[in-house]
Structures are given as C-alpha cells and as structure tokens.
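Q: What follows is each chain in one-letter form.
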Amino acid sequence: NAGVMQNPRHLVRRRGQEARLRCSPMKGHSHVYWYRQLPEEGLKFMVYLQKENIIDESGMPKERFSAEFPKEGPSILRIQQVVRGDSAAYFCASSPQRTGNTEAFFGQGTRLTVV
Amino acid sequence: AQSVTQLDSHVSVSEGTPVLLRCNYSSSYSPSLFWYVQHPNKGLQLLLKYTSAATLVKGINGFEAEFKKSETSFHLTKPSAHMSDAAEYFCVVSDISNFGNEKLTFGTGTRLTIIP
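So the sequence lines, in the order shown, correspond to chains F and V.
Here the first sequence is numbered in my numbering, starting from 4 and rising by one per residue.
Here the second sequence is numbered in my numbering, starting from 44 and rising by one per residue.
Mixed in with the good hints there might be a few duds.
[Claimed, not checked] One-sided excerpt, in silico: chain F residues whose CB lies under 10 Å from chain V:
#1 Gln9
#2 Pro11
#3 Glu43
#4 Phe48
#5 Phe68
#6 Phe108
Hints were generated in silico from the structure; no laboratory data involved.
We put the CB at the ideal spot given by N, CA and C, even for glycine.
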C-alpha cells in the first residue's frame, strides 16, 4: 500500500496564476480531507470529501478555493488567482470511514509558494 | 469549539534523557486526543490516540501520553530520547462536525531537538 500520495511536493506560482494540488488516497479509502498549514501554525481543516461529494467545506475560504473528488482519479484542491497569503503547506489525509476515532493517514504535503 | 494549546514551541533534550511535550486542550465534552509526529519532508504519522478508554496511552517508538481530565492536559512523554526522535510534534483534538465527519484541530506544534 503506497500510502497517501500528494503531488507535486513543491509548487511555485506567480500571483494571479492557478494552483492545482492532487491527492490520491490510500487504496480502499473513500474519504479525503484537506488541511492547510500556514508558516508557524498548526494544520487547519479545509474540506472533507467523499467520492463525487463535498460533505463539509466549512474551512474553505469563500472565494478562489475549490475541491473535488471525482469518481475516478485523485482529489484536486484548486486555488484560482493565487495571492502571497496562499503560500502554505497543504496536506491531504484519507480514511476508510467517516467517524469513530478513525485514524486519518496523511500525505507528505504540497508546499505552495506564491511569488 | 475545541482548541489545543502546545505550551512549548521548541524543546531541546540530550540523547538518553526524558522527553516531555506539553499539551492542554479545551473541549465541551470528552474529546478524542492524538499526538502526530512530522519528520522533515515527511507526512504526518500518528504516534498515539486517546479515545476514552485507559487514561495512559502507549504509542509507537516508546512514547506515551496521559489524559488528565482535571488538568485538561494530554502531555507526551518518553523515558529516553533518541536522535531519531528529532521532529515536529502536534497535539490534536478531534471534533465531530454537523455533517458527521471527524475534524481534527491541531496545536501549533513543538519542535523537538535532540542534543548528542
């Protein structure tokens, strides 16, 4: 089992460009979570998805950010018109079920730098 | 809302000496609590978790943590530090959202340095 795979590991974008971050969950996991870690801060919940459904996006910024988890392929976190404040590490986690003290397995993260 | 406070942003200990990483939480009910470790350029790895069973929880690599409700604390300890323990450690509290999913609230992290 390859674990949660995120790519790219590092992404540099100029202000105003789009950033696409990809996350392939562990085999057999249908629940995906995205977290953002700003410099010198802990991880903050952004969004929770199941296949083809956004379940909880209460942590997502209202504008420019979107997420999807299609029936086939990885989950995508998309940031449009990036700004310097979007520079952060973005972590994806997956789990086999929704709740119940389930361990979430994390990927290595994508470090986004906006220049 | 739940929250987690990690009292030390940096801790340095000598190899072979005990490790203590402090964590206090705030919760309106009995929480699930976790410690995660993040090695440089690696993903987060679960060290241990408390889920209202035994208050003393044993994890991987010799780490353990004790849940103290009266003190709202969940400090992480290890009797003898090893060089490979150098990493960032996160104390985490779990919350169940209105949508029924588990949301993790992370502390700001404690960077552990091991002195040879």
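Q: Next step is simple, just say for each hint if it's right about the structure.
A: Going through the hints against the structure:
Annotation: glutamine 9 of chain F was flagged as interfacial toward chain V, and the flag holds, the nearest CB pair being 8 Å apart, inside 10 Å. Proximity of proline 11 of chain F to chain V is violated relative to the hint, the smallest CB-CB distance being about 13 Å (cut-off 10 Å). Using the Cβ-Cβ criterion of 10 Å, the hint placing glutamate 43 of chain F at the interface with chain V is satisfied: the shortest such distance is roughly 7 Å. Interface restraint check for phenylalanine 48 of chain F: the shortest CB-CB distance to chain V comes to about 5 Å, inside 10 Å, so the restraint holds.
Restraint check, phenylalanine 68 of chain F versus chain V: the minimum CB separation of about 17 Å is more than 10 Å; hint violated. Hint status for phenylalanine 108 of chain F relative to chain V: holds, with the closest Cβ pair at about 8 Å, below 10 Å.
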